Amino acid sequence: MSLSAFVKINAVNNLSDARYCAGMGVQLMGFCLEPGHSKSITADKYREMTGWISGVELAGEFEHSHPEQILEIVQECPGLGYVEVREEAFLPMLMHAGFQLIWKVQVEHPEHLDALMPKTGYLNTHNIMLHLVSEHLLLDDSVVEKVGHLCRNCEVLVGFDINAANVLDLLETAQPKGISLEGGEEIKPGFKDFDELSEILEILEEEE
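In this note's numbering, the protein residues as written are 53 to 260.
None of these hints come from the bench; they were simulated from the model. Please read all numbers here as calculations on a predicted model, not as lab measurements. We put the CB at the ideal spot given by N, CA and C, even for glycine. If a hint is listed, it holds; no wrong ones were tucked in.
No more than 35 Å apart at the CA atoms, straight line, and that leaves these computed lysine-lysine pairs for DSBU-like:
1. Lys229 to Lys91
2. Lys198 to Lys229
3. Lys171 to Lys229
4. Lys229 to Lys97
5. Lys198 to Lys171
6. Lys91 to Lys171
7. Lys198 to Lys91
Just the calculated beta-carbon pair ranges, DEER-fashion:
8. Asp221 to Glu187: 15 to 23 Å
9. Gly133 to Gly75: 15 to 23 Å
10. Glu139 to Asn179: 13 to 21 Å
11. Glu258 to Gly88: 35 to 43 Å
12. Leu123 to Asp96: 15 to 23 Å
13. Gly133 to Asp193: 29 to 37 Å
14. Ser54 to Pro130: 21 to 29 Å
15. Glu100 to Gly200: 33 to 41 Å
16. Glu187 to Asp247: 15 to 23 Å
17. Lys229 to Glu254: 18 to 26 Å
18. Arg204 to Ala95: 33 to 41 Å
Take these sequences, add in the hints, and give me the full structure.
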């Protein structure tokens, strides 16, 4: 099974999500490895879950850990191809560590998108993916236009206000590298409600 767009699943913390998303053809699966974070998993749990999946790239997600600590943690997590951080200052410190880098940026106002434009040249030059997330910003026409400007200058993952009704229009209009969707908690071990996630993935599903 394959998808018509690049999809990253964020903060995967259970085997139900991992197996379902891998089976649906998700290209990149993120695991929060930030110590103390509510969605963080241990290196042992990471190895246990990733041992059950194949055909998907893996990302270690961090919030504010220093690069030295990040590099210690990822040594215990085989198979990681990507490292995602929030701190812009950490990008050059991780640039030669052998991972594809993702810079996760919180954007709560359209002006935040404008402020990122001068940084796109640097991101593109160093092959760093820009991951846009937000709690309040909506993908209205003006925001999609601004996102599109960013997408024309560097690789962008859009990770906010995505639903089954707007995902295809977003992909066609802004033309990002891809989208990101949130993993979630299991109702109980082995049981999961995939309604929202599956609705979007099924729209992106390609016929074999």
